[in-house]
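*Asks:* Read off the chains here:
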Amino acid sequence: MSDAITCRGLEFGYDGKPVLRNVNITIPVGDFVCVVGPNGSGKTTLLKIALGLLKPTAGSIEVLGQRPDRSRGKIGYVPQHPRLDPLFPVSAMDVVLMGRLGRTRSFGAWRSADRGQARRALDEVGLVDRAGHHFASLSGGQKQRVLIARALAGDPELLLLDEPTAGLDAHIEEGFYRLLQELNERLTIVLVSHDLGFVSGFVRSVVCVGQDVVVHPTSEITGQVIADLYGSDMRLVRHDHRCSEDGHKS
Amino acid sequence: MTFFDALQTHAFLQYALLAGLLVSIPCGVVGSFVVIRRISYIAGGIAHSVLAGLGIVHYFRVVHGFEGLSPIAGAVIAALLAAVVIGWVSLHLKQREDTVIGAVWAMGMATGILFISMTPGYTTDLMSYLFGNILMVTSRDLWLIAALDVVVLVTVALFNKQLLAVCFDGEFAGLRGVHVQRFYFLLLALTALTVVLLVSVVGIILVIALLTLPAAMANLFARRLWQMMLWATAACAILTTGGLAVSYAPDLPAGAVTILLTGTAYFLTALFRRR
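From first to last, the protein sequence lines are chains Z and U. For the record, in the first sequence the residue sitting at position 12 is 12 according to my numbering, with numbers rising by one throughout. Take the position in the second sequence, starting the count at 1, then add 1000; the result is the number in my numbering.
A portion of the hints provided could be inaccurate.
[Said to hold, decoys possible] With a straight-line Cα cutoff of 27 Å, these simulated DSSO-like cross-link-like pairs (lysine-lysine) come out:
#1 Lys143(Z) x Lys74(Z)
#2 Lys17(Z) x Lys143(Z)
#3 Lys74(Z) x Lys1094(U)
#4 Lys143(Z) x Lys1094(U)
#5 Lys55(Z) x Lys17(Z)
#6 Lys55(Z) x Lys74(Z)
#7 Lys48(Z) x Lys1094(U)
#8 Lys74(Z) x Lys48(Z)
#9 Lys17(Z) x Lys48(Z)
None of these hints come from the bench; they were simulated from the model.
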């Protein structure tokens, strides 16, 4: 099995100030990964590098076996809560269709194949009956599902999500992660979250971004081990927004 | 004589009415993009720099006898140039966009004023550039307006998908392989062409209201972009026709009346259609 994301000696800094140092991680195809870390640790930076929006200052990154900007067409991106004009005149379907850009003709209107694909994507997130609704009139959870459908409409192999559940209620969040679990049956999923506590029950591995960037497979750390390793860590993540050093050792 | 009687006998009124209807289409279509992408201040800057093109053409026609130069052609070049400068400087020189717009806005007007002051003769032309004189539209202007209509509509029909995606979420559109900057410049160019069309109806200073208010009104009802475009076009057609009709009998400036009607309609709509 090949790798979805491979980083070798990756470094990144803003204005000479280092953000990520010597990142060596490998995320295999089919994985479901949560990237956690304190605010300002570089979680979102890592995601933007994987999308090819930022270029590493040193080292290399390969996404689906190619340079990130070349594999973009195969990546479905779900941004952090959309900053949205409540009057913006688009339906849920219009938004999902935007995910077909790059997979359809450049000129003229959408083809019926695009509409079919967009409809299937909306169906997959359980919102096909809302296709014609004004996007702004949907609830926060529904909007976030529409943005997933938009990412799915482009037939991605890898789904990258940036804090997708920020601002959502806990019960909606749970349904959201169940949906991601279903999608993980055919897609590699990498999501950035500040809230490991909730996510850990759904994902397969955790990438901790701090001083060092470390991968923890959740399968190896079940039950009592999770409590030992992450018990204090999780509380710190939630309240102090800091990863404890001890959580990474042993 | 009432407006409708006069309409049957006077060709200049028929031209004026037709000009108002012809500009309504790009006004509704491009105005919708201007409103959702929030670039009405850029449209204002482009509109004011149109005076440079009009002034330079006016000067060369009167002083050097270049009768073949068309004021509309001068306006189109000035507007496109202003759009490119505003877009390029704010993207590449990392300057604050509003500062750049202000500079282009004022320099365009200053250039126009300079050339008009160097031109001997009456300055009535200056007034009609600034405040519009739809009654001076000629049949040749109508053809030019119709041609610009076609350019704007064909462009939007070809690239509606990308333009909407860039306005909605530029970062995502870029990740899907859309050249976001290129489409941003295309949108600015379309805005420039539409501004020139509207200048012939309401003049440089009042353009910004006619470009944005019908679209803003339509936005209060529309849930899809095409609905917004359609209703904005209808509103613009009704308002320019209304402005012409209301201003005719008391011999008031049609541009000013049109804008007052448009503004009043906008505020009333916003008041009664809160959501």
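*Asks:* Run the distance test for Lys48(Z) versus Lys1094(U): straight-line Cα separation, threshold 27 Å.
*Replies:* holds, 21 Å
*Asks:* Quick one, are Lys74(Z) and Lys48(Z) close enough, alpha carbons at most 27 Å?
*Replies:* Distance of about 15 Å is within 27 Å: holds.
*Asks:* Assess, step by step, whether the Cα of Lys55(Z) is no farther than 27 Å from the Cα of Lys74(Z), and give holds or violated.
*Replies:* The hint holds at about 19 Å.
*Asks:* Please verify whether Lys143(Z) and Lys74(Z) have alpha carbons no more than 27 Å apart.
*Replies:* holds, 22 Å
*Asks:* Keeping to a limit of 27 Å between CA atoms, is the pair of Lys17(Z) and Lys143(Z) held or broken?
*Replies:* Between Lys17(Z) and Lys143(Z) the Cα gap is close to 36 Å, so the pair fails against 27 Å, i.e. violated.
*Asks:* Against the 27 Å threshold, does the CA-CA distance of Lys55(Z) and Lys17(Z) hold or violate the hint?
*Replies:* holds, 15 Å
*Asks:* Below or equal to 27 Å on CA atoms is what counts here, so check Lys74(Z) against Lys1094(U).
*Replies:* violated, 32 Å
*Asks:* Is the straight-line distance between the alpha-carbon of Lys143(Z) and that of Lys1094(U) 27 Å or less?
*Replies:* This hinted pair is violated, its Cα atoms lying about 33 Å apart.
*Asks:* Can the restraint linking Lys17(Z) and Lys48(Z) be considered satisfied, given a maximum Cα separation of 27 Å?
*Replies:* At roughly 17 Å apart (the allowed maximum being 27 Å), Lys48(Z) and Lys17(Z) satisfy the hint.
Checked against the numbered hints above, the structure breaks hints 2, 3 and 4 and satisfies the rest.
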